[in-house]
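Work out the full structure: start from the sequences and follow the hints.
Protein chains: 2
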Amino acid sequence: MSETPDSAVQTATAAVRTYIEQHRAAFLDDLAQWLRIPSVSAQPEHDADVRRSADWLAAALRETGFPEVEILQTPGAPAVFAEWPSGEPGAPTVLVYGHHDVQPAAREDGWHSDPFEPVITDGRMYARGAADDKGQVFFHTLGVRAHLAATGRTAPAVNLKLLIEGEEESGSPHFRALVEEHAERLAADAVIVSDTGMWSEDTPTVCTGMRGLAECEIQLYGPGQDIHSGSFGGAVPNPATAAARLVAALHDADQHVTVPGFYDGIAELTDAERELFAELPFDETEWLRTARSGATYGEAGFSTLERIWARPTAEVNGIGGGYQGPGGKTIIPASAMVKLSFRLVAGQDPQHIEKRVTDWVGEQLPAGIRHEITWSAATRPCLTPLGHPALQSVVRAMSQAFGTKVRFTREGGSGPAADLQDVLAAPVLFLGISVPSDGWHAPNEKVELDLLFKGVETAALLWSDLAATAV
Amino acid sequence: MSETPDSAVQTATAAVRTYIEQHRAAFLDDLAQWLRIPSVSAQPEHDADVRRSADWLAAALRETGFPEVEILQTPGAPAVFAEWPSGEPGAPTVLVYGHHDVQPAAREDGWHSDPFEPVITDGRMYARGAADDKGQVFFHTLGVRAHLAATGRTAPAVNLKLLIEGEEESGSPHFRALVEEHAERLAADAVIVSDTGMWSEDTPTVCTGMRGLAECEIQLYGPGQDIHSGSFGGAVPNPATAAARLVAALHDADQHVTVPGFYDGIAELTDAERELFAELPFDETEWLRTARSGATYGEAGFSTLERIWARPTAEVNGIGGGYQGPGGKTIIPASAMVKLSFRLVAGQDPQHIEKRVTDWVGEQLPAGIRHEITWSAATRPCLTPLGHPALQSVVRAMSQAFGTKVRFTREGGSGPAADLQDVLAAPVLFLGISVPSDGWHAPNEKVELDLLFKGVETAALLWSDLAATAV
Chain A
128 MSETPDSAVQ TATAAVRTYI EQHRAAFLDD LAQWLRIPSV SAQPEHDADV
178 RRSADWLAAA LRETGFPEVE ILQTPGAPAV FAEWPSGEPG APTVLVYGHH
228 DVQPAAREDG WHSDPFEPVI TDGRMYARGA ADDKGQVFFH TLGVRAHLAA
278 TGRTAPAVNL KLLIEGEEES GSPHFRALVE EHAERLAADA VIVSDTGMWS
328 EDTPTVCTGM RGLAECEIQL YGPGQDIHSG SFGGAVPNPA TAAARLVAAL
378 HDADQHVTVP GFYDGIAELT DAERELFAEL PFDETEWLRT ARSGATYGEA
428 GFSTLERIWA RPTAEVNGIG GGYQGPGGKT IIPASAMVKL SFRLVAGQDP
478 QHIEKRVTDW VGEQLPAGIR HEITWSAATR PCLTPLGHPA LQSVVRAMSQ
528 AFGTKVRFTR EGGSGPAADL QDVLAAPVLF LGISVPSDGW HAPNEKVELD
578 LLFKGVETAA LLWSDLAATA V
Chain B
128 MSETPDSAVQ TATAAVRTYI EQHRAAFLDD LAQWLRIPSV SAQPEHDADV
178 RRSADWLAAA LRETGFPEVE ILQTPGAPAV FAEWPSGEPG APTVLVYGHH
228 DVQPAAREDG WHSDPFEPVI TDGRMYARGA ADDKGQVFFH TLGVRAHLAA
278 TGRTAPAVNL KLLIEGEEES GSPHFRALVE EHAERLAADA VIVSDTGMWS
328 EDTPTVCTGM RGLAECEIQL YGPGQDIHSG SFGGAVPNPA TAAARLVAAL
378 HDADQHVTVP GFYDGIAELT DAERELFAEL PFDETEWLRT ARSGATYGEA
428 GFSTLERIWA RPTAEVNGIG GGYQGPGGKT IIPASAMVKL SFRLVAGQDP
478 QHIEKRVTDW VGEQLPAGIR HEITWSAATR PCLTPLGHPA LQSVVRAMSQ
528 AFGTKVRFTR EGGSGPAADL QDVLAAPVLF LGISVPSDGW HAPNEKVELD
578 LLFKGVETAA LLWSDLAATA V
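For the protein sequence lines, the chains are A and B, in the order given. Here the first sequence is numbered in the numbering used here, starting from 128 and rising by one per residue. Here the second sequence is numbered in the numbering used here, starting from 128 and rising by one per residue.
None of these hints come from the bench; they were simulated from the model. Hints are supplied without guarantee of correctness; some may be wrong.
Identical chains share a label here; the pair holds if one copy fits it or two copies do between them.
[Unchecked claim] Straight line, CA to CA, 25 angstroms or less: simulated DMTMM-like cross-link-like pairs of lysine to aspartate or glutamate:
(1) K456 to E433
(2) K456 to D236
(3) K482 to E426
(4) K482 to D379
(5) K532 to E148
(6) K456 to E426
(7) K456 to D486
(8) K456 to E235
(9) K532 to E433
(10) K456 to D174
(11) K456 to D565
(12) K456 to D549
This is the structure we're talking about:
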């Protein structure tokens with residue numbers, strides 16, 4: 128008598144849990160070993176540690192069973208690539224993305240224990256990288272083993288690939304080139320990014336997209352040197368004034384961005400998406416406490432969650448010009464500077480935005496103010512439609528693991544996931560189990576062990592579901 | 128047979144010139160001696176030099192014949208006061224103002240010779256302080272001697288007082304208090320300021336007023352710390368944006384200042400004054416070269432000279448907030464800062480301006496942006512009406528010395544002259560012989576010797592004229 132699909136899932140889940148329970152202690156020991164390697168990509172004195180971290184992970188993946196594991200060199204820190212073919216014709220290919228480098232951390236920043244000596248207390252593991260991102264990368268190792276154990280397979284139900292980069296905390300400067308170089312080996316039907324979080328311990332969520340990012344610096348030049356504001360004030364253009372007026376002119380009174388063409392091609396929120404956002408147990412007071420801001424502020428007609436997840440922004444990250452020391456100095460400054468960043472949403476093309484902003488800036492400035500505008504490498508937005516079958520697989524696996532309804536979020540930030548989406552032309556799904564209190568980039572970073580093992584479970588259940596779904 | 132007034136002046140002028148010619152070499156030797164003292168008030172390592180400069184001047188004034196000379200102590204650098212009563216009942220009292228401290232100077236800034244070792248070349252004396260202001264203070268010593276020699280008097284025709292401060296190049300922090308403390312001794316019917324310049328060598332001019340100055344720093348606070356522009360961008364107020372919008376909102380499209388009440392009480396330019404400005408041989412291209420600006424820019428309806436001499440301004444001297452280092456940083460900054468200065472013209476009251484600007488700033492900021500505004504000590508504007516008899520005396524003496532028509536200018540900057548005007552309730556006249564090429568505050572400062580001796584002549588002729596004029 129064959130089981131119903133539901134009872135098959137229940138059986139698989141039970142088997143997965145049994146396997147995880149048996150391997151729990153060894154898994155935590157291994158993770159702790161990895162966390163002891165201070166793979167801080169931003170600090171050159173840790174270059175050797177980042178390489179050691181890649182080597183450690185490569186060995187761990189080989190031990191997990193991946194038949195093909197390789198260190199991929201970049202001009203910076205190395206990435207780790209691993210592949211485990213399903214062996215079944217027609218099986219979908221999935222690429223898991225994460226990173227093995229971590230943020231800087233020092234005991235004197237306020238850590239209660241050595242950031243590179245993991246401590247388990249009250250069901251949490253404290254260490255730099257515990258949540259961001261070693262813990263979330265590592266749950267895939269036990270995940271795939273549990274998947275094999277529960278299904279009796281010797282290879283995963285999907286062609287499973289992992290790409291774990293080593294420069295994410297340094298802005299992934301070589302990531303896109305790496306993906307382009309190895310595009311054929313990395314080719315996948317779906318990308319699973321395990322470098323995000325969920326709403327809260329009680330509210331598991333799947334992120335469906337990230338905003339993109341375009342960044343520029345505008346240098347403004349007025350007089351050939353700082354000049355006396357008494358002798359010349361009121362009769363020549365002031366570059367600090369010009370900088371301020373540029374920033375002020377970026378938005379209208381409703382906080383819409385005024386740059387012509389800025390909203391071209393944008394994917395407007397559907398009513399269904401807005402309803403899903405509104406369903407989340409959002410506490411604005413609590414959110415403001417996290418933001419440490421005294422008030423919300425933004426584009427008219429949108430809620431706070433809509434503003435940070437689904438609306439583009441024009442933000443000034445830095446401004447400077449003239450005399451900034453103590454006291455006064457009655458000058459018209461020779462120059463000023465503005466750093467702007469634009470968060471972009473699905474449908475917006477960074478190159479188009481850069482061109483439109485560049486044109487607009489040139490039109491704003493009076494005679495006598497020269498300028499230079501420099502754009503940094505942009506990140507495209509990414510968004511997976513709610514109805515995408517691979518997204519549905521992730522939701523089912525996660526619901527099963529957590530035993531509750533899974534909701535949807537987006538991410539206001541930007542990340543290299545978009546490069547995978549672009550270069551590999553594959554949808555990006557986010558499987559992250561971190562919670563806001565985990566302290567990414569902060570002292571006393573931790574991962575909740577319960578959630579870590581829910582991540583293992585989700586990963587263990589996901590491959591069978593994806594293989595059964597046309598992705 | 129008595130001489131006609133004109134021929135009396137001719138005779139006096141000839142006598143003055145003869146006397147000056149006889150004492151020219153000794154005068155330059157003495158001035159060079161004073162210029163060798165590096166009385167840099169802004170540099171604490173020169174405190175002793177500033178005191179030595181005051182002592183040197185006091186001795187020189189005693190030798191000139193001033194019966195009363197005293198060093199006036201302040202919490203900072205000392206000033207020198209000297210008085211020479213006329214002895215004639217009803218003689219007017221005149222106070223000459225100047226300063227004995229100088230700007231910093233170092234050979235490596237681009238000086239062709241040691242800034243504190245005067246060099247005479249091609250009719251110019253090069254040294255820090257040659258024009259600003261030791262040369263212009265010192266011409267009064269030979270001036271009063273020539274006045275006595277030419278008139279056969281043993282005391283000046285006016286009650287002559289000198290107040291030569293030692294902190295002008297450091298913003299005169301104790302000057303007003305000094306004037307208030309010694310107001311009775313300093314009391315005068317007119318103040319002669321010898322710390323300005325004239326239009327050019329060919330166009331002698333008298334300055335009739337200076338702009339006032341109010342200065343503030345505005346600190347703006349947003350989130351409690353720099354926050355991630357991905358996680359929060361678009362949904363909280365950004366203090367750098369608020370700073371920029373404040374600056375941008377200061378002016379309307381015609382570059383009028385928008386702060387309500389800013390123009391209250393202002394003395395509008397008369398047609399006669401505008402015509403006098405327009406008569407000056409103003410070369411805008413040359414002026415832009417001096418300003419090192421690519422274009423003029425300012426309040427609609429006013430010429431460049433009107434803008435800098437007779438119109439108030441709102442200028443940003445410094446702005447800063449967020450990340451200003453190399454590359455980008457995707458933050459919403461915790462704070463930002465703006466330094467504003469307002470040049471004021473006759474009729475504007477600094478306290479009224481401070482109140483109006485303070486109120487206005489408070490009204491501009493959104494919820495979630497806290498601010499603090501700090502005002503520095505203000506300087507009032509000063510303006511002597513064209514028809515004032517003492518001003519006419521200065522014009523006559525200068526015309527006679529230079530042998531040509533004297534025109535009128537104003538000064539766009541602000542200075543302690545206004546404190547004398549206020550505290551002593553006396554009109555301020557400007558007798559300055561420096562020219563724009565003299566390089567105040569710059570390397571290779573110099574004074575034109577021809578003009579220096581025209582200053583001596585003017586001072587020598589002025590006291591008789593003032594005594595004969597009801598001031």
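Between K456 and D236, at a C-alpha cutoff of 25 angstroms, which is it: within one copy, between copies, both, or neither?
between (35 angstroms within a copy, 20 angstroms between copies)
Quiz item: At most 25 angstroms between C-alpha atoms: does K456 with D486 qualify within a copy, between copies, both, or neither?
Solution: between (34 angstroms within a copy, 23 angstroms between copies)
25 angstroms Cα cut-off: does K532 pair with E148 within a copy, between copies, both or neither? within (24 angstroms within a copy, 103 angstroms between copies)
Requested in this report: State whether the alpha carbon distance between K456 and D565 is at most 25 angstroms within one copy, between copies, both, or neither.
Outcome: This pair counts as between: shortest inter-copy Cα distance 22 angstroms, intra-copy 45 angstroms.
Intra- versus inter-copy proximity for E433 and K532 (alpha-carbon distance at most 25 angstroms): Within one copy only: 21 angstroms inside a chain, 72 angstroms across chains, cut-off 25 angstroms.
How do K456 and D174 come out at 25 angstroms by Cα distance, when the copy is not named: within, between, both, or neither? Result: close only across copies, 22 angstroms inter versus 44 angstroms intra.
From the Cα coordinates, with 25 angstroms as the cut-off, is the pair K456 and E235 best called within, between, both, or neither? For K456 and E235, the Cα distance is within 25 angstroms only across copies (23 angstroms; inside one copy 37 angstroms).
Quick one: K482 to E426, C-alpha cut-off 25 angstroms, is that within a copy, between copies, both, or neither? This pair counts as within: shortest intra-copy Cα distance 23 angstroms, inter-copy 32 angstroms.
Which holds for K456 with D549 at a C-alpha limit of 25 angstroms: within a copy, between copies, both or neither?
between (50 angstroms within a copy, 24 angstroms between copies)
At most 25 angstroms between CA atoms: does that hold for K482 and D379 within a copy, between copies, both, or neither?
within (20 angstroms within a copy, 28 angstroms between copies)
Note to self: With identical chains, the pair K456 and E426 could be close in the same copy or across copies; at 25 angstroms between alpha carbons, which is it: within, between, both, or neither?
What the structure shows: between (37 angstroms within a copy, 23 angstroms between copies)
message = One pair to classify: K456 and E433, alpha carbons no more than 25 angstroms apart. Within, between, both, or neither?
response = between (43 angstroms within a copy, 23 angstroms between copies)
Comparing the model with each earlier hint shows no violations; every hint is respected.
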